[in-house]
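Residue numbers are given in numbering that gives the first Met the number 0: position 27 of the sequence shown equals residue 26, and the series is strictly consecutive.
Among the clues, some could well be false.
[To be verified] Label-pair distances were calculated between CB atoms; the ranges are:
(1) MET139 x ARG8: 20 to 26 angstroms
(2) THR163 x ASP18: 43 to 49 angstroms
(3) ASP144 x THR32: 42 to 48 angstroms
(4) SER114 x PRO146: 45 to 51 angstroms
(5) GLY97 x MET142: 57 to 63 angstroms
(6) THR163 x ASP122: 17 to 23 angstroms
(7) TYR166 x LYS140: 15 to 21 angstroms
(8) SER114 x GLU21: 54 to 60 angstroms
(9) LYS140 x GLN29: 52 to 58 angstroms
(10) VAL106 x LYS35: 24 to 30 angstroms
(11) SER114 x SER150: 48 to 54 angstroms
These are calculated hints, taken from the structure and not from any lab test. Here a beta-carbon is modelled for each residue, glycine too, at the ideal position from N, C-alpha and C.
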Amino acid sequence: MKIDLDQIRELLSVVSSTDVTELTIEFGDQRITVKKSSSIPLTEAQLSPKPIVIKTEEIPVVQTREVASPAAAPAVAPAPAAVESAPVAEAPVEKTNGLVEITSPMVGTFYRASSPESPPFVDVGDHVNEGQTVCIIEAMKLMNDMPSEVSGKIVKVIAENGSTVEYGQTLFLVDPRG
0 MKIDLDQIRE LLSVVSSTDV TELTIEFGDQ RITVKKSSSI PLTEAQLSPK
50 PIVIKTEEIP VVQTREVASP AAAPAVAPAP AAVESAPVAE APVEKTNGLV
100 EITSPMVGTF YRASSPESPP FVDVGDHVNE GQTVCIIEAM KLMNDMPSEV
150 SGKIVKVIAE NGSTVEYGQT LFLVDPRG
């Protein structure tokens, strides 16, 4: 087969209208290579791949707030409409009776222990130290250890094992004096 001038023009038109930078076509013993070059020659440094560095801010693992008492804490989560109208992050901190809430820093599944056969990380009456793991929250198939940001005695475990928790939801009440 012989390549004619019309086929070459069509080939050039196709290459110029696409992002293709080089095209080689062979028909038997004939070969045509079309290379598209940029108007500005690139140096080897410009052509070599460079790593992309993305800086991220560290997200706090656990947030704490002081609350009135275990009796004053709601037994059920508030209705979704109430949560939307008053975001947890902007809620005022109550300082009554000195109890501190350990809240969830993310949406996920709350686990009190590392496995179903293991004892819970903490129980009511246990003393926790700042940085001690109090639970695990599974988010997007990743297990996240949740350390306590306060030392004290666990007064109440509010979240149910295996339940879904929301961002800012209270998980534990801690008495920092205990």
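MET139 paired with ARG8, Cβ distance criterion 20 to 26 angstroms: Violated, at about 54 angstroms.
Assessment of proposed distance window 24 to 30 angstroms (beta carbons of VAL106, LYS35): 49 angstroms, violated
Distance restraint evaluation - THR163, ASP122, Cβ atoms, bounds 17 to 23 angstroms: Since the Cβ atoms of THR163 and ASP122 sit about 22 angstroms apart, the hinted range of 17 to 23 angstroms holds.
Pairwise beta carbon distance, LYS140 to GLN29, judged against the given window 52 to 58 angstroms: 56 angstroms, holds
Distance restraint evaluation - SER114, SER150, Cβ atoms, bounds 48 to 54 angstroms: Roughly 26 angstroms apart at Cβ, these two residues miss the hinted range, so it is violated.
ASP144 paired with THR32, Cβ distance criterion 42 to 48 angstroms: Since the Cβ atoms of ASP144 and THR32 sit about 58 angstroms apart, the hinted range of 42 to 48 angstroms is violated.
Assessment of proposed distance window 57 to 63 angstroms (beta carbons of GLY97, MET142): 32 angstroms, violated
Whether the CB-CB distance between TYR166 and LYS140 falls inside 15 to 21 angstroms: Check passed, 18 angstroms falls within 15 to 21 angstroms.
Distance restraint hint 45 to 51 angstroms, applied to the beta-carbon atoms of SER114 and PRO146: 19 angstroms, violated
Distance restraint evaluation - THR163, ASP18, Cβ atoms, bounds 43 to 49 angstroms: This hint holds: roughly 46 angstroms between Cβ atoms.
Supplied distance hint 54 to 60 angstroms, evaluated on CB atoms of SER114 and GLU21: 56 angstroms Cβ-Cβ, so the 54 to 60 angstroms window holds.
The structure does not agree with the numbered hints 1, 3, 4, 5, 10 and 11 stated previously, though it agrees with the rest.
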